[in-house]
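Visitor: Read off the chains here:
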Amino acid sequence: MTFDAGESVRTRLSARPGYARGRAGTIHMRRSAEIYSVRFRASDLWGEGDHDVFLELRETDLERA
Amino acid sequence: MSGHEHEHPTAPMNRRVGILERALVSRGVISGEQVDGILELFGREMGARNGARYVARAWVDSEFRQLLLTEAPAVLREFGHDLRGTSNPELARLRLVVVENTAVTHNLVVCTLCSCYPVPLLGPPPGWYRSNEYRARAVREPRAVLAEFGLPLDDSVRIQVWDSTADSRYLVLPMRPAGTDHLTEDQLSELVTPQSLVGAGIPLCPQ
Numbered sequence: 671m672t673f674d675a676g677e678s679v680r681t682r683l684s685a686r687p688g689y690a691r692g693r694a695g696t697i698h699m700r701r702s703a704e705i706y707s708v709r710f711r712a713s714d715l716w717g718e719g720d721h722d723v724f725l726e727l728r729e730t731d732l733e734r735a
Numbered sequence: 090m091s092g093h094e095h096e097h098p099t100a101p102m103n104r105r106v107g108i109l110e111r112a113l114v115s116r117g118v119i120s121g122e123q124v125d126g127i128l129e130l131f132g133r134e135m136g137a138r139n140g141a142r143y144v145a146r147a148w149v150d151s152e153f154r155q156l157l158l159t160e161a162p163a164v165l166r167e168f169g170h171d172l173r174g175t176s177n178p179e180l181a182r183l184r185l186v187v188v189e190n191t192a193v194t195h196n197l198v199v200c201t202l203c204s205c206y207p208v209p210l211l212g213p214p215p216g217w218y219r220s221n222e223y224r225a226r227a228v229r230e231p232r233a234v235l236a237e238f239g240l241p242l243d244d245s246v247r248i249q250v251w252d253s254t255a256d257s258r259y260l261v262l263p264m265r266p267a268g269t270d271h272l273t274e275d276q277l278s279e280l281v282t283p284q285s286l287v288g289a290g291i292p293l294c295p296q
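Read top to bottom, the protein sequences are chains A and B. Residue 735, in this note's numbering, is where the first sequence stops; the numbers in between run on with no holes. Residue 296, in this note's numbering, is where the second sequence stops; the numbers in between run on with no holes.
Do not take every clue at face value.
Restraint ranges, calculated between C-beta atoms of paired labels, are given here [as the list claims (entries may be wrong)]: (1) D674(A) to V124(B): 46 to 52 Å; (2) E729(A) to A163(B): 36 to 42 Å; (3) R734(A) to R247(B): 25 to 31 Å; (4) S702(A) to D275(B): 33 to 39 Å; (5) E704(A) to Q123(B): 31 to 37 Å; (6) D674(A) to T175(B): 35 to 41 Å; (7) Q296(B) to S702(A): 25 to 31 Å; (8) A181(B) to E704(A): 19 to 25 Å; (9) V149(B) to E704(A): 32 to 38 Å; (10) A236(B) to G692(A): 28 to 34 Å; (11) R728(A) to Q296(B): 45 to 51 Å.
Derived coverage of chain B by chain A (criterion: at least 3 residues anywhere in the stretch with Cβ under 8 Å from a Cβ of chain A; other residues may be distant) [claimed, not checked]: (12) 123-131; (13) 225-231; (14) 240-249.
Calculated from the structure, these hints are not laboratory results. Ideal placement from N, C-alpha and C gives every residue a C-beta, glycine not left out.
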């Protein structure tokens with residue numbers, strides 16, 4: 671499964687770090703065949719905050735939202 | 090016992106490292122010269138002045154800046170860690186992503202899992218970057234962390250935190266300070282502090 675920039679995704683329970691497990695995010699860009707840069711809103715991670723957090727996650731850690 | 094050196098696990102780190110080094114050297118796994126060479130590479134050749142040179146070049150050369158923002162690994166392969174073509178094995182493995190600060194966006198770099206850092210361009214990470222407190226708080230309350238670093242950001246500035254997982258390492262391209270039009274590239278690079286290269290500070294203002 672591949673994803674496009676801007677696509678809404680959800681992280682699987684295999685994602686690391688732990689704070690990003692089972693969270694909603696948006697594909698920022700594809701880095702390589704298996705790795706995506708994913709943007710998360712702080713409010714979706716912590717329930718508060720107005721910043722964004724960017725993580726690089728494997729394709730197998732992501733599913734369509 | 091069989092002649093092995095034994096130390097309590099709470100022995101000071103430098104003693105434990107020394108024992109490990111002697112054990113590896115005596116078994117022919119590594120040589121003292123190799124250890125000296127690596128220390129020289131990390132201690133002298135890899136330092137934040139490398140990253141500062143890249144930033145200063147990006148400030149004066151918009152084409153270079155654009156390449157750095159879009160194809161940093163290729164730029165590193167061409168220009169080396171010192172911007173003068175000197176490469177090293179660590180640099181060849183570095184998957185660098187450069188993120189640019191603007192008037193409305195501030196970028197901050199952290200590694201919550203350990204202490205990943207763009208070592209060939211910045212040298213070994215400083216203690217605060219490795220601290221549990223920074224790693225825990227930077228992703229959660231970056232605005233408060235930056236204020237404590239002496240960088241209170243206006244509420245209108247959006248903060249983007251880059252948590253270094255997988256293989257990528259991040260370098261922040263800070264904003265060029267005002268009043269620096271008359272400075273040379275070398276003089277500009279001296280304004281670029283190590284902290285500003287990961288977004289935990291901003292460049293110095295010219296005297």
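Visitor: Determine which of the earlier numbered hints do not hold for this structure and return their numbers in increasing order.
Guide: 2, 7, 12
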